[in-house]
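Read off the chains here:
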Amino acid sequence: MRAELGGPILTAATLIALWYLSSGPFALPGPIAVGLLVTVASSLMGGWRSGLISAAMVIGYAVLCYGYHGASAELVWAGASQVLVLAMGAPAVALAVGAWRQNVGRTTSYLESSYERLARRHAELEAKRAQLERQIAKLTAQRDAMGRRLRRARVFVDAMDRLWDGVLVADRFRRIRYANAAAASIYGVPESELNGRGLDTLCVPPGPHTSTRCYDGNGDGWAGETVHQRADGSPVPVHVTQVVTRRSDGQPMAFVLIVRDRTEARRVQAQLMESEKLATVGGLVSGVAHELNNPLSAITNFAQLMLLDESDGARREMIELIVRESRRAGEIVRNLLSFSRNSDRARRLVQVEEIVRRTLALRAYDHRRNKIDVAVSLDPELPEIWADPNQLQQVLLNLVVNAEHAIGRQGTITIRGRSVDDGWIELDVADTGPGIPENVRPHIFTPFFTTKADGQGTGLGLPISRDIIERHGGTVEVLDEPGGGACFRIRLPVGPESAAQAEEPEPAAIHAARLDGVQA
Amino acid sequence: MNPAGSLPPLDFAGARILLVDDEPAIRRSFSLYLERLGASVTAAADAREAMALLEGAGGDFDVLISDITLPGESGISLLSTVRRRWPGLPVILITGSLAPGIGPESTGAVACLQKPFPLSLLARRVELALRARSRLPLR
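First to last, the sequence lines map onto chains A and B. When you line the first sequence up against the numbering used here, it's residues 1 to 520, in that order. When you line the second sequence up against the numbering used here, it's residues 1 to 139, in that order.
Hints were generated in silico from the structure; no laboratory data involved. This structure is a prediction, so every number in the text was calculated from the model and none was measured. One thing to keep in mind: the hints can contain errors.
[Claimed, not checked] Covered, in the sense of this in silico footprint (three residues per stretch, anywhere, with C-beta under 8 Å from a C-beta of chain A), are these stretches of chain B:
1. 19-27
2. 30-36
3. 110-124
[Stated by the list, open to error] For each label pair, taking beta carbons as the anchor points, the in silico distance ranges come out as:
4. A:370 <-> B:87: 55 to 63 Å
5. B:87 <-> A:365: 44 to 52 Å
6. B:6 <-> A:331: 18 to 26 Å
7. A:405 <-> B:9: 35 to 43 Å
8. B:9 <-> A:379: 24 to 32 Å
9. B:85 <-> A:379: 25 to 33 Å
Ideal Cβ positions, reconstructed from N, Cα and C, are used throughout, including at glycine.
Modelling step: build the complete structure from the supplied sequences, incorporating the hints.
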């Protein structure tokens, strides 16, 4: 509507402007042509109705001009020719404009439909993009989760390899698929070599000692002590905790074995039992020894009294035997008492060389008689040590007598002494006897264990010796002497265990009292 | 060490010994032996009996030999009573096991003997005690 009004208004404004420009109406054909052009423009702007109104206004203006100036044939002609030209040109222009407008319309609608299509496409792509973004978010979360799981898995694998317990995972065919570092070290092979091996290769082949099961191939799980074998076939005591994972149909899927090496634990346990046994025996023997003291004393005393009056040779010999044997029994009792008594008050600085000399002097007669040579090699720099000389002599005497018994007749006892490390000495008593069999070795320090003939040994010599040495802060161990004999090695600290002990004054009275016993 | 078959060359003639031990066999063997050496031995089975004998004699013994382990009052306790009442009477203690801290110095005994010991050792300790009592000349 506005476009329809715009054309006539433009025409009117043009005609009024022309009026004023020519200072009143003028009859030139030019303005008519301008008016007609404006009419065309008006019809273009507002359609044929605007054109009609504008044309009427121009014709009115022309009539006004002609009327004012008087129509001359010349003017009319000129006007008519122009109107004619325009009348012929206007439809052409209108046609061209119509075609252009149609063209523009088509283009517009094309553009509009294109726009719609693009908009739809855009929406689709937007949706797609949102979907992809959701997917990306999901994948990122998954990736992060995987990363976390991977890190956790790495922690687990790391932990597995740092575990002290062996961990084995086997598939349903009982073939090992995973072994941690501890498992490899228990079985004595690289981890890679365990992979693929059957679980059964860990078991000791059936035999008299393999009554227990080695692992559980069927059940739901099992835990127990058993024996496995290393790659080299040597047995290893282990504790196995085992679980079986199953598929939904109940078939085994994997076997997981946690294997703990019990070698060290067994050793400690054995040691503990040994020391417990010693403590029990210690308590027992001191009680028994006390009870035996009085009857033994009475027997010895009366036998001695009988000897005073006995002149018959055969009877004297018998009574002397009673005295000797009851004294021997008394000696055993004394040993037992010293075994259970904590005595560290008679210690002083002693020369090892002197103890060795005194001990050997006691046995010199027997050594000569049995053709036993004694080789002593003591480091001249051997320091004096803080010890009870009587107890030390007792230990040395025990070891020397043991060596004699091992040798029997003809052989050599070697005593070696040297300083080792800082503040320790080592004293070896070695013999050329047959050595100590492997199966006897674990028992040699057990009280009342003896391999000697009845009456020759009490089974207390070595346990008492070890007790004495340990009370001095030292150790005794048995080694193989090159050449087949046995070698007992004593390690003793040079100084007292603590300064307090060193400064403690030695009670001379007790020393004297003890010597009363020792003389017996 | 003296040979088991002979008496040591000692003469305890005139010496009065009070012997305290709860074991009759021990008591008897010590008595017999010391009497063989000339001593006159009075025996008691526990500290109470020993105190009664001492009171009765006005403490007039030359040596007291006592086991440490006695029923009732112990030999150590008897010894401390005796040392208060008759400080000049020498005491020999006998024990089945030597507990640390029990010795001549800590108890005031002339000697401590750990069973079992040879009779000759007892004789030598009695000799020591009699010298302390000045009943035997010091050598």
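Outcome, coverage hint (the segment 19-27 of chain B, chain A; C-beta under 8 Å; three residues): holds (count 3)
Using the beta carbons of residue 85 of chain B and residue 379 of chain A, state whether their distance is inside 25 to 33 Å or not. violated, 59 Å
Quick check: does the Cβ-Cβ distance between residue 405 of chain A and residue 9 of chain B fall within 35 to 43 Å? The hinted range 35 to 43 Å holds for residue 405 of chain A and residue 9 of chain B, with Cβ atoms some 39 Å apart.
Count the residues of the segment 110-124 of chain B with a beta-carbon closer than 8 Å to any beta-carbon of chain A: does the count reach three? With 10 residues closer than 8 Å to chain A, the segment 110-124 of chain B meets the three-residue bar; holds.
Evaluate the given range 55 to 63 Å for the C-beta pair formed by residue 370 of chain A and residue 87 of chain B. holds, 56 Å
Between residue 9 of chain B and residue 379 of chain A, does the beta-carbon spacing fit 24 to 32 Å? At 48 Å between Cβs, range violated.
Does the beta carbon distance between residue 87 of chain B and residue 365 of chain A stay inside 44 to 52 Å, or does it fall outside? holds, 49 Å
Do the Cβ positions of residue 6 of chain B and residue 331 of chain A conform to the proposed distance bound of 18 to 26 Å? holds, 22 Å
Cβ contact check, 8 Å cutoff: the segment 30-36 of chain B against chain A, three residues minimum: holds (count 4)
Of the numbered hints listed earlier, those contradicted by the structure are 8 and 9.
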